[in-house]
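Using the sequences provided together with the hints, build the complete structure.
1 is the number of the first residue of the sequence shown in UniProt numbering; add one for each residue after it.
Honestly, the hints are just simulated from the structure, not real lab data. Bear in mind the structure is a predicted one, so any value in this text is a computation, not a measurement. Each hint should be verified, as a subset may be incorrect.
Here are the computed lysine-lysine pairs in the DSSO-like style, where the Cα-Cα straight-line distance is at most 27 Å [said to hold, decoys possible]:
1) K61 <-> K20
2) K145 <-> K20
3) K20 <-> K41
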Amino acid sequence: MTTLANRPNSALLVIDVQVKVVADAHDRDAVVAHIAAAVEKARAAGVPVVWIQHNDDNMPKESEGWEYVPELVRAESESLVHKSYGDSFEATELESVLAAGGVGRLVVAGAATDQCIRSTLHGALTRGYDVTLVGDAHTTSDLSKYGAPPPDQVIAHTNLYWQYQTAPGRTGGTVSTADLDFTAPEPA
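Okay, structure coming up:
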């Protein structure tokens, strides 16, 4: 149902699963395994995987913490988008990468739930994309000392509200890794 004309294709966005970002993330190993499974499902279905990699003063390019976790390996043919803001579209070439592939539906996984995942979900929906969040393939660190809920509650809340997210001509949604099926036809 995307509002983007002539954009019938899907893509998987893998956002910021970098050493420093997920070093102390909630349920890190299980989430990374779910992301790896989502990547394999996308590849098997011929769906493009777009890797998003954050950098800023606290995590400069080429630093050890900036690198993607070793469990996830980007294929040479897969796009890599560098960003410096929470929303993966902001001041990046992501839109042009997706437009070139005729992509109007995004499936999102990665980190951090309460920052770059939420910003990208909302940014994509606002820009006209249908956006599905892989509910067990995103994580965040414990920021409760700053007043945030515990990470399991941040993740659960994000999954809950995104499950029902809509906008004119666009839909959100949440799916588990086990139920993720890139070969299924889009609902009418």
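So, going through the hints one by one against the coordinates:
| no. | hint | result |
| --- | --- | --- |
| 1 | K61 <-> K20 | 12 Å, holds |
| 2 | K145 <-> K20 | 19 Å, holds |
| 3 | K20 <-> K41 | 26 Å, holds |
Violated hints are absent here; each numbered hint is respected by the structure.
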